[in-house]
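Engineer: Heads up: the protein sequence lines correspond to chains U and C, in order.
Going by my numbering, the first sequence wraps up at 592, each residue one higher than the last.
Going by my numbering, the second sequence wraps up at 104, each residue one higher than the last.
Hints listed in this document are in silico derivations from the structure and should not be mistaken for laboratory results.
Please read these numbers as outputs of a predicted model, since none were measured by experiment.
Incorrect hints may appear among the rest.
Unchecked claim - Here are the simulated SDA-like pairs of lysine to any residue, each with C-alpha atoms no more than 25 Å apart in a straight line: (1) Lys388/U - Thr521/U; (2) Lys91/C - Thr171/U; (3) Lys264/U - Ile101/C; (4) Lys215/U - Ile85/C; (5) Lys435/U - Met340/U; (6) Lys315/U - Lys91/C; (7) Lys9/C - Ile242/U; (8) Lys9/C - Asp555/U; (9) Lys264/U - Glu98/C; (10) Lys468/U - Asp555/U; (11) Lys215/U - Tyr146/U; (12) Lys388/U - Val532/U; (13) Lys315/U - Ile85/C; (14) Lys215/U - Thr549/U; (15) Lys264/U - Arg89/C; (16) Lys91/C - Met340/U.
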Amino acid sequence: MEQQTFLNILPILIVSTTTIATIFVEAFYKRSDNLIYWLSIVSLILTLIYSILTINVQNLNFSNTLHSGGITNLFYFVLSLTSLLVIISARDYLLRAKYHHGEFYILIFSSLLGMMLMASSRDLILTFLGLELMSLSFYVLAGYNRKVLFNNEASLKYFLLGAFASGFLLYGIALIYGSAQTTNILLIVNEFNNLLLKPLFVLGLVLLLIGFSFKVASVPFHMWVPDVYEGSPTVVSALMSTAGKTAAFAALIISFYGSTTSQVNFEIVAKIISYLAIASMLIGSITAIAQTNLKRMLAYSSIAHAGYMLIGIASANKLGMSGVIFYLIVYSFMNVASFILISLMENDFEKRISLNDFIGLANTHPWYAAIMALMMFALSGLPPFGGFFGKYYVFLAAIKADLTYLAVIGVISSVISAYFYLRVVVYMYFRTNEERKDIFHTSADNFVLVLCTLFVLQLGITPNLVLDLITRFLP
Amino acid sequence: MIPLKYYLILSAAFFSIGIIGVLTRRNAIIIFMCIELMLNAVNLTLVSFSSFFGDSSGQIFVFFVMAVAAAEAAVGLAIIIALFRNKLTINVDEVNIFKW
């Protein structure tokens, strides 16, 4: 029994022991950065394999606080795969910028641990702790090179606004605890109908939503997103925008999906979420048009994508939730690949890549241009790629839940966003420039890019495989 | 015995003072102190609920929140120092390479 519990949470144990072990390796060995890199890769691969092998064994551990198996393991898989891709390509980027240290991997691991806790927790205390562990690591990672002013500024802004938002989240949790007398999500969900009659609980829920909206990068707490994504090292932005979003959405889905299965009056909450979704989609895609800096543009597009995903949560049915998870998986691969392509054009932390850097890329580096074009098509939601089905499922869910206006606004916003995604393609293919751009590619980066491309294509051609898997594990 | 209501009003007042401080002050350290005030207002809420219900999990939560606040202080002050070394200011209005 006891042994089984520890076997259930083995992915978390692997990641946490690696975090602690790498701290000691870093402390006691000189020139240990390569050792830590390989250690991280091995333990991530172990986590990936173990979470896939035990995906069918579902359990609740430690007096119903930690879920294992099923959807949780799927989240483990996505989170560790994203981290793995980022780590593989980060090494060369950091070596190029002459700032390659073991701490980078330690911080990524502790943030991964926080994200895994968020995805598996069934207790608000644990969710909060996981969220803070993730955020604190991200604050440091955003300012990873402390000698560069960009990084300092990004991390200061991220830290101040992030701590502010966690204050809201925490106050929300305290009020929920006050009205439900428990912090266990499963118990709260059982009582959801009665609790909704208490104003204190509704206020707590709204504050909780506001706190989460910071982490998923949606309105009203979206102001940090462009500044932080632009200022952080590009590989860190890749991780923050994908894994961070996935973990926060996992926590949202856990808290809100359970409450939708048992015939509750979800309308008030759904209304608030749909307002957040509309505002995020429109603000994100309209502001992105004005951006010339690529990382800033992707940041605004990330706000818009958070809006599309919130549609799935607001529609509150099974298709919506599995659509969000599917969307998150596709989005992780699309965004990691786009950010890594941007990082390939930087040779230090201070270089800022704008649209003009992409002029004529198709002539000088046709393969990279092709992958970038593919990712832009996928992000804008064109059919043969995975991004299309992510949007398709959440819009379908919204229509099924009688929230057709959300789907309509979503489609309008996608049309607007096609402009700035396709503009990148136009710059690459239809404008020429004499000067040759450097792309600092290595085989590791190529491997990551090819892997992301294959996943995006696979999710676009046979989306049912993954969607069925998700639907099977949703309660 | 003082009713629960008074504790909740007091902590809500602290929380609001914290929010107003974050929104109006421009010194990074004072903003940070206001955030700490918000967290402590939450702690007060949790402790009063916990003692009112006779349920210990709220008080345990407070310990975790205090630990998190301490970790946040360590990270936050380090970030502020790193910024000060480069820029010689901690006024958030002057930290504006990007549009804030």
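Engineer: The structure should be examined with respect to each hint, and the outcome stated for every one.
Structural biologist: Here's how the hints hold up against the structure:
1. Between the alpha carbons of Lys388/U and Thr521/U the distance comes to roughly 13 Å, so the proposed pair stays at or under 25 Å and holds.
2. Straight-line distance between C-alpha atoms of Lys91/C and Thr171/U comes to about 51 Å, which puts the hinted pair past the 25 Å bound.
3. A hinted pair counts as satisfied when its Cα atoms are at most 25 Å apart, and Lys264/U with Ile101/C qualifies at roughly 15 Å.
4. A distance of roughly 22 Å separates the Cα atoms of Lys215/U and Ile85/C; the hinted pair therefore holds under the 25 Å criterion.
5. Of the pairs offered as hints, the one joining Lys435/U and Met340/U is violated, with about 31 Å between alpha carbons and a cut-off of 25 Å exceeded.
6. Proposed proximity of Lys315/U and Lys91/C is contradicted: the alpha carbons are some 49 Å apart, above 25 Å.
7. For the given pair, Lys9/C sits about 24 Å from Ile242/U by alpha-carbon distance, which is consistent with the 25 Å threshold.
8. Note on Lys9/C and Asp555/U: the hinted pairing is violated, with a Cα-Cα distance of about 65 Å set against a maximum of 25 Å.
9. For the hint pairing Lys264/U with Glu98/C, the CA-to-CA distance comes to about 18 Å; that is within 25 Å, so the pair holds.
10. For the suggested pair Lys468/U and Asp555/U, the alpha carbons sit about 13 Å apart, so the restraint of at most 25 Å is met.
11. The hinted pair formed by Lys215/U and Tyr146/U meets the criterion: a straight-line CA distance of about 19 Å does not exceed 25 Å.
12. Straight-line distance between C-alpha atoms of Lys388/U and Val532/U comes to about 24 Å, which keeps the hinted pair within the 25 Å bound.
13. Restraint check for Lys315/U and Ile85/C: the C-alpha separation of about 45 Å exceeds 25 Å, so the hint is violated.
14. A hinted pair counts as satisfied when its Cα atoms are at most 25 Å apart, and Lys215/U with Thr549/U does not qualify at roughly 32 Å.
15. In summary, the hint linking Lys264/U to Arg89/C is supported, as the alpha carbons are separated by about 8 Å, within the 25 Å threshold.
16. About 22 Å separates the Cα atoms of Lys91/C and Met340/U, which keeps this hinted pair within 25 Å; it holds.
Of the hints listed earlier, those the structure fails to meet are numbers 2, 5, 6, 8, 13, 14, in rising order.
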